[in-house]
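Protein chains in written order, with the working numbering: chain A, 1 to 309; chain B, 1001 to 1309; chain C, 2001 to 2309; chain D, 3001 to 3309.
Treat each hint with caution, since some may be false.
Stated by the list, open to error - Within a straight-line C-alpha distance of at most 27 Å, the following computed DSS-like cross-link-like pairs (lysine-lysine) qualify:
hint, chain 1, residue 1, chain 2, residue 2
1, C, K2163, B, K1163
2, B, K1138, B, K1163
3, C, K2138, C, K2216
4, B, K1138, B, K1216
5, D, K3216, C, K2216
6, D, K3051, D, K3216
7, C, K2051, C, K2216
8, A, K51, A, K216
9, A, K216, B, K1216
10, D, K3163, A, K163
Unchecked claim - Facing chain C, according to a computed beta carbon distance under 10 Å, are these residues of chain D, among others:
hint, residue
11, G3091
12, S3095
13, S3230
14, T3232
15, S3237
16, L3238
17, M3240
18, N3246
19, F3251
20, A3252
21, V3255
22, P3272
23, T3301
24, G3305
25, S3307
What the hints assert, rightly or not - From the derived model, a few chain A residues whose C-beta atoms are all more than 10 Å from chain B:
hint, residue
26, G24
27, H167
28, Q220
No wet-lab data here; the hints were simulated from the structure. On a predicted model such as this, the values are computed, not experimentally measured, just so you know. Glycine included, C-beta positions come from ideal geometry on N, C-alpha and C.
4 protein chains.
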Amino acid sequence: MNMDTIDYQGLLERVCEETRPLAGKGHAADYIPALAEISTDHFGMALIDTKGGLYSVGDADIPFSIQSISKVFTLTLALRELGNEVWSRVGREPSGHPFNSLIQLENEQGIPRNPFINAGALVVADMLLEAHPDPRDKILTFVRMLSANNSILIDERVALSEKRAAHRNAALTHFMKSFGNIGGEVEDVLNLYCNHCSIAMSCIDLARAFRFLAQKGIHQRFEEPVLTFSLTKRLNSLMMTSGLYNESGEFAYRVGLPAKSGVGGGIVAVLPGHFSMAAWGPGLNERGNSLRGIEALDRFTTISGLSIF
Amino acid sequence: MNMDTIDYQGLLERVCEETRPLAGKGHAADYIPALAEISTDHFGMALIDTKGGLYSVGDADIPFSIQSISKVFTLTLALRELGNEVWSRVGREPSGHPFNSLIQLENEQGIPRNPFINAGALVVADMLLEAHPDPRDKILTFVRMLSANNSILIDERVALSEKRAAHRNAALTHFMKSFGNIGGEVEDVLNLYCNHCSIAMSCIDLARAFRFLAQKGIHQRFEEPVLTFSLTKRLNSLMMTSGLYNESGEFAYRVGLPAKSGVGGGIVAVLPGHFSMAAWGPGLNERGNSLRGIEALDRFTTISGLSIF
Amino acid sequence: MNMDTIDYQGLLERVCEETRPLAGKGHAADYIPALAEISTDHFGMALIDTKGGLYSVGDADIPFSIQSISKVFTLTLALRELGNEVWSRVGREPSGHPFNSLIQLENEQGIPRNPFINAGALVVADMLLEAHPDPRDKILTFVRMLSANNSILIDERVALSEKRAAHRNAALTHFMKSFGNIGGEVEDVLNLYCNHCSIAMSCIDLARAFRFLAQKGIHQRFEEPVLTFSLTKRLNSLMMTSGLYNESGEFAYRVGLPAKSGVGGGIVAVLPGHFSMAAWGPGLNERGNSLRGIEALDRFTTISGLSIF
Amino acid sequence: MNMDTIDYQGLLERVCEETRPLAGKGHAADYIPALAEISTDHFGMALIDTKGGLYSVGDADIPFSIQSISKVFTLTLALRELGNEVWSRVGREPSGHPFNSLIQLENEQGIPRNPFINAGALVVADMLLEAHPDPRDKILTFVRMLSANNSILIDERVALSEKRAAHRNAALTHFMKSFGNIGGEVEDVLNLYCNHCSIAMSCIDLARAFRFLAQKGIHQRFEEPVLTFSLTKRLNSLMMTSGLYNESGEFAYRVGLPAKSGVGGGIVAVLPGHFSMAAWGPGLNERGNSLRGIEALDRFTTISGLSIF
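The shape of chain A in the complex, shown without the other chains:
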């Protein structure tokens, strides 16, 4: 197929239209009151190609809580800072267990399976606490730079709501600390984690921010590569095998693109060499991923024949 002639805008509109019956379906994340209030009728998509062309549909410019998508940003920062040392404290294998399981952690002596399960992201947060005096600000600055949007904020209400419900994450952090894999105070790690999960961004922001993953590490707004090609490849493969919680295999299989989801209903996906794109629909399926978002991405790749496979 000639990639130059693909009508991205038409594709987005068609996919949005065809998935309209799913509007309002699924349930918003209910363990965080501030998220539970969001209407499941929202839906938006945005795509940015490697030539800078921007395409969008629906609620593409409404900011929403990015939740676990933020784990890509913190991991990227940690990799920039520490390189492959990161892997001494967190693994790179897919997890056969639910995203917040303690079983795996116990079996593997406090080393989380990968940086996208909660335990792994908490370790990454701990790394950033060690590396920066003000890691919260560091993350926000980095994300604003990637998205070319200085108005991106952390939603304090969500962060607070999140912290109140954080007993499972507190358990994970204390548990890893008992194995010596958390250096900072548990309280600080949880704080940072709840804060970066509560960043609010739009589909357009996210598509822009993930651009370097479609461009071998290069991002228009950075002089130096955001990551080396080698680390970029690694980040994409990690999203491929572990980006959608316990539904990663199913998603790789249906959509065939590296991607990362969050319980706020967002999914960001990348076709290396071609584009980065984001979809948002707050209604979740039983595995915590956007019901309409997955369907839309599935159709997008099926109709267009675009896929890394």
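Start from chain A and add chains B, C and D according to the hints.
Just chains B, C and D, lined up with the frame of chain A:
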């Protein structure tokens, strides 16, 4: 990069040369006496591109025991026969456990995580037993057709050796039968499994046979597609997340190509749209994958910049 | 309390009467057709004190399938033969998992937690196969001697029925063989196991047979002790911690006597220094133990104040 | 045997003498600095029979950190307060996992297996927090009353040391709170737990305090029974199946008495109807139980033939 001008032959030779220090390193699979005898000095690679160009180096035409690589062939046959019904009896998610774990199976009531762990391949063998009067012959005929090589055989000595060591697989099969997920006789399932694992093929045979996975399901030797584009995409994504046992995440991360390995020391990898390739080195690392094979594929993609990411 | 004046017969009758509302409740073991046919209306109890006084009520002389109760006999034989060497191949700790779990076995490298879970009893059967030319006959002779009843038989129909449903046990045996903890043929081990589980005995037979456990290892029909006091103590403590599958703690807590149950609906209990007793009611609770049998033993100890505690 | 004529004092002295080669062996608990300092040369035993006769040997009147032995006191208080309601929040089955495992907790949705594993004791502490305005004082008063010793104190240094090392317990508590099985603040639960574990008592104090368990719930210092006979039986059976961490089965098997151990090196055991006794030796075996204490109790029951079996 202009893919048309890549010097595949030069790349293979360079990679073969650079990994020579690994010759003789690792250990051959020792649980099967017939495999343990193979010299770990062997090494070969073959690549076939979508235009039919064939490139090879070293022992590329010596047949070896393909072992778990055969699981791709049996799954393909089952998908041709049953389509998506296959997934009612076997999952599609990566397994966080070693390839022959019973824990996962117990937790998930006899449904294996995916068709590449042993339990999953045993269920697929059971499906073929139900679908064909002589499934052993069916598999062999299919593989010969894919490879354009009618001299491909099952190594009876390996198959016998394999059956004698098959207590773990017998346990898996009986266990799944206790959950109702095996319809045939345990003995027959094990027989078929040990037979298809004992097919002997060369790197050149394997590169040819996997060609349809690089070509959206199309294979030169078949009039109809071997699999639909949709199922091809799915098979590739399954290799991506689960093709190298407990090292799948690490491999995806280092090499960035869908691939499948076997304890005979073979690895077959695919770059969709471009080529299929096979490497063979019988010395294994501690996770049961070819030591030199992985290193060679890593260098191949790193030097060339070829990767799905 | 003066143990000399306890009216055992009166107690049995009262308990039988009080538990009559449970007649017909529960379900007979349904995975073995030959057991599923037994009426859940049956109920009987028998008690033999250390002076030889025999007391009984209801269907105390109707033979039923002793099932897992037979594990006490095979373990006793193995201990007589091998002494403490037995413990190199099977553990002595309570199992936190269901009685036929493979998870524990995988975590502990093929060494079953204790001889009363299925895996442990299969290893004990393998020990007897190694120690005797005709272990099936050896067990039967031993049980007849203990019970002073030469008409005790193995119910061939049950044994056959059992073998047909033995996929879980076959899985356990193959699995342990893969770890090197089974020396004989899997087929032979399963055969012996299914045979000894299919011995048919009455409450009176069982009360007699367990007498040595109430008498520090001494049994009237044997010149030498059946077991040393030390091994007798150990067997009792094993019944105390692991005699009723996943309900052992609950039973120890309600009844406070070492005991062993079977899915045929039998339970044998011992008050060291005082008596051995058996109860039989084929209706099982959801953990596989006799519903009325447990209630009857609970009342028996509560009313009488008899308990090791 | 005529229990009236047993020479308890002679037995204690003989056992103390025979186990002298174990003095200094094992290691003191090292995860709590304040415990690690204790000399492993200490050893003492005390026994009190149901007629009030007190016998002791060695360091029987030196107070030491009772640690997990305190779980018997808090459970007793909870049972006095809430009766069988206790069991809606904590189970009664032996745990096949190490004492501080999270795996079991995850599998069983936040309900600990029994009140003697850490998770269970933390839930019991939470119950006491709900039931009393000053539970720390309540526990101390209760223990002083049972031991007839008003000088019993909480070792604040140990409590503090303990809290600093409490990440595993914090993980357990947060985890259970995420399942809704902890009502109070995590901080308060951990505080109370670390405090009651840090009570310091001598062998004589402990033998006295456990007397009610040898006397069907009756204690000389209380007008009313401490517990009903039924609950006493239950507490004994719980100690029998779960009193010595992952060594409970082994201990039941060697010693044959209900008992509870602590990592301070203490073990308290009971022969219902006859006596309660305590042993103390700070050198631990690899399962966290007193090396010399277990050996001494083993010899004590073997020489005397005293055992519930």
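Taking the hints in turn, this is what the structure says about them:
Of the pairs offered as hints, the one joining K2163/C and K1163/B holds, with about 22 Å between alpha carbons and a cut-off of 27 Å not exceeded. Restraint check for K1138/B and K1163/B: satisfied, since their Cα atoms lie roughly 20 Å apart, inside the 27 Å limit. The straight-line distance between the Cα atoms of K2138/C and K2216/C is roughly 23 Å, inside the 27 Å bound, and the hint therefore holds. In summary, the hint linking K1138/B to K1216/B is supported, as the alpha carbons are separated by about 23 Å, within the 27 Å threshold.
Proximity of K3216/D to K2216/C is assessed by CA-CA distance (about 24 Å); at most 27 Å being required, the pair is judged to hold. Between K3051/D and K3216/D, the direct Cα distance comes to roughly 14 Å. Compliance with the 27 Å bound is thereby established for this hinted pair. Annotation: proposed proximity of K2051/C to K2216/C holds, straight-line Cα distance about 14 Å (limit 27 Å). For the suggested pair K51/A and K216/A, the alpha carbons sit about 14 Å apart, so the restraint of at most 27 Å is met.
Taken as a hint, the K216/A and K1216/B pair is honoured in the structure, with Cα atoms around 24 Å apart against an allowance of 27 Å. At roughly 23 Å between alpha-carbon atoms, K3163/D and K163/A fall within 27 Å of each other, so this suggested pair holds. The interface hint given for G3091/D holds, since its Cβ lies 8 Å from the closest Cβ of chain C, which is under the 10 Å cut-off. A distance limit of 10 Å between C-beta atoms decides the matter here; for S3095/D the minimum to chain C is near 5 Å, and the interface restraint holds.
With its C-beta approaching chain C no nearer than about 7 Å, S3230/D sits inside the 10 Å limit, and its interface hint holds. With its C-beta approaching chain C no nearer than about 7 Å, T3232/D sits inside the 10 Å limit, and its interface hint holds. Interface hint status for S3237/D: upheld, as the beta-carbon distance to the closest one in chain C is roughly 4 Å, under 10 Å. Look at L3238/D: its Cβ gets to within about 6 Å of chain C, closer than 10 Å, so that hint holds up.
Restraint check, M3240/D versus chain C: the minimum CB separation of about 6 Å is within 10 Å; hint holds. The interface hint given for N3246/D is met, as the beta carbon of that residue sits about 7 Å from the closest beta carbon of chain C, less than 10 Å. With its C-beta approaching chain C no nearer than about 9 Å, F3251/D sits inside the 10 Å limit, and its interface hint holds. Hint status for A3252/D: holds, given a least beta-carbon distance of 4 Å to chain C, under 10 Å.
For the restraint placing V3255/D at the interface with chain C, the shortest Cβ-Cβ distance is roughly 8 Å, inside the 10 Å limit, so the hint holds. Checking P3272/D against chain C: minimum C-beta separation of about 5 Å stays under 10 Å; hint holds. With a cut of 10 Å, the hint placing T3301/D at the interface with chain C holds, because the nearest CB-to-CB distance is about 8 Å. About 7 Å separates the beta-carbon of G3305/D from the nearest beta-carbon of chain C, less than 10 Å, and the hint is met.
For the restraint placing S3307/D at the interface with chain C, the shortest Cβ-Cβ distance is roughly 5 Å, inside the 10 Å limit, so the hint holds. The Cβ of G24/A sits about 28 Å from the closest Cβ of chain B, beyond the 10 Å cut-off, so the non-interface label holds. Under the 10 Å C-beta cut-off, the non-interface status given to H167/A relative to chain B holds; the minimum distance is some 24 Å. Every CB of chain B is more than 10 Å from the CB of Q220/A (nearest about 19 Å), matching its label as outside the interface.
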